[in-house]
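Participant: Take these sequences, add in the hints, and give me the full structure.
Start counting the sequence shown at 113; every next residue gets the next number (our numbering).
Quick caveat, the hints were computed from the structure, so don't treat them as lab data.
Be aware that one or more of the hints could be misleading.
Straight-line C-alpha distance at most 25 Å; calculated SDA-like pairs for lysine to any residue [what the hints assert, rightly or not]:
1. K121 / W133
2. K121 / G134
3. K121 / R132
4. K121 / V136
Just the calculated beta-carbon pair ranges, DEER-fashion [what the hints assert, rightly or not]:
5. D126 / Q154: 38 to 44 Å
6. A120 / L141: 27 to 33 Å
7. L152 / R116: 26 to 32 Å
8. A145 / Q117: 49 to 55 Å
9. A145 / A120: 34 to 40 Å
10. Y150 / Q117: 48 to 54 Å
11. H153 / T114: 56 to 62 Å
12. R156 / D126: 41 to 47 Å
Note that CB positions come from ideal geometry on N, CA and C, so glycine has one too.
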Amino acid sequence: MTNRQAQAKSDERDDRRVFRWGAVMVAVLVVLALLAYYLLHQSRERSPVMPESTQQAPQKPAASPVGDIVDSRST
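Facilitator: The structure is reproduced here in structure tokens:
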């Protein structure tokens, strides 16, 4: 076997190894992305939301008592 043939065989082995590592890394990233999506979806479902029946109606501002404020221009 010549040096070129040995180098070609070594390159093929390296290419297959790199391809396997790449495929494994893509699979790991997909699994992590799915896990993150699932956890985010679960946390949104558990977020506290007040039901419509328990919310308070808007309150009117307190009216000032009559006679407390005296307008000096009216006399």
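Participant: Please go over all the hints and tell whether each is borne out by the structure.
Facilitator: Going down the list of hints, with the structure as the test:
Between the alpha carbons of K121 and W133 the distance comes to roughly 19 Å, so the proposed pair stays at or under 25 Å and holds. Taking the CA atoms of K121 and G134, the gap is near 20 Å; set against the 25 Å cutoff, the hint holds. With a C-alpha separation of about 17 Å, the suggested pairing of K121 with R132 holds against the 25 Å cut-off. Distance check on the hinted pair: K121 and V136 sit about 23 Å apart at the alpha-carbon level, within 25 Å; holds.
In this structure the hint that D126 and Q154 lie 38 to 44 Å apart at CB holds, the actual value being about 42 Å. In this structure the supplied range 27 to 33 Å holds for A120 paired with L141, their Cβ-Cβ distance being about 31 Å. Separated by about 53 Å at the C-beta atoms, L152 and R116 break the suggested range of 26 to 32 Å. Checking the proposed 49 to 55 Å range against A145 and Q117 shows it is violated: the Cβ atoms sit about 42 Å from each other.
Judged by the Cβ atoms, the range 34 to 40 Å given for A145 and A120 holds: they are separated by roughly 37 Å. Between Y150 and Q117 the beta carbon distance is about 50 Å. The supplied range of 48 to 54 Å therefore holds. Between H153 and T114 the CB atoms are about 58 Å apart, so this pair conforms to the stated range of 56 to 62 Å. At about 45 Å, the CB distance of R156 to D126 agrees with the hint of 41 to 47 Å.
In summary, the numbered hints that this structure violates are 7, 8.
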